[in-house]
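S.K.: Residues per chain, in single letters:
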Amino acid sequence: MLLLISLAGILYAWQWIHTEAGTGPAMVEIYHDEVLLAQYPFPEPGKIIHFEAEGELGISEIIIDSEGVHFSSSPCRTQYCISNGRHSEGGEIIACVPNRILIAIKGSRINGSHYDAMVE
Amino acid sequence: MNRSIPRPSLPALEHKAKWLSLLLLAVSLHVFEAALPSLGPWFKPGLANIATLLALAILGPSAAAMLAIWRVIVGSFLIGTLFTPTFIISLAGGVAAAIAMLTAWRLLPGITLIGVSLIGALAHMTVQFVTVESLFIHQQALYYLLPPLLLLSVFTGWINGGLAAYIVSQLKESD
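Quick mapping for you: the protein sequence lines, in order, are chains R and E. Under our numbering, the residue at position 100 of the first sequence is numbered 100, and the numbers go up by one with no gaps. Under our numbering, the residue at position 46 of the second sequence is numbered 1046, and the numbers go up by one with no gaps.
Don't read these hints as lab results, they were simulated from the structure. Heads up, the beta-carbon is just placed ideally off N, CA and C, and yes, glycines get one too. Incorrect hints may have been included.
To spell it out: a stretch of chain E is covered by chain R in this simulated footprint if at least three of its residues, at any positions, have a beta carbon under 8 Å from a beta carbon of chain R; those stretches are [claimed, not checked]:
# : region
1 : 1060-1072
2 : 1085-1093
3 : 1142-1149
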């Protein structure tokens, strides 16, 4: 019974979050703590966006290409953020907790993967 | 002058010896988990929680709570993460899991160790996220990752609870 209630609650929350995060065109948002450092759409194939996010410990390097977004280097000791690999779907995140950098993908790549807005 | 040092009773000594044995088991599992290949930045199988469950079933709630706290402190010291964000997240999760498990053990009559473990695993994962969001990265987008990891926690909590129940039954048979 406990198991069924847990599973039902989790699946409902998952569906709700997926719906919340999945509206609008796909955008990569990069935060340092509460501050939005940059916001990019996924680039066209062959183009690469390289972003340096300054956090508590130093610079985290982030690569965005048409396949997804990932940390390419980080000053943290554990390097979990790098081993977390590349992500590309709306509702996915990659976090570097020691450096307090968060990458969140919002929107859906199916509804419209590219547009020209960029905030930096 | 005949001053004798007060000696603890045999049952008290036995209780301490069992607690220390479980602490050693918990710390060993904590270090072992840290050495495992990462299954993701937030996810561990929670094997050390088996020792907390054993302490709960064999020694009682207060011994289990103390074990959960000391396991994180000693384990973090040994793997070199003491007082880092990893330690704070781990301690918050461990203490929350212990409180949730003890509460369930006391308030839900007839609950099994598997049910207790499941509640502990869910509390552990949820409080880790709340800790990160409130202390380190103030972004609600963090919670996007919570549901899939809670699903994995249900799975591992179930397995760990089953293992703990099996060990307790074997220990009772051997007594």
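S.K.: Hint by hint, note whether the structure agrees.
M.R.: Hints and how they fare:
| no. | hint | in the structure |
| --- | --- | --- |
| 1 | 1060-1072 | violated (count 0) |
| 2 | 1085-1093 | holds (count 3) |
| 3 | 1142-1149 | holds (count 7) |
In terms of the numbered hints stated before, the structure departs from hint 1 and from no other.
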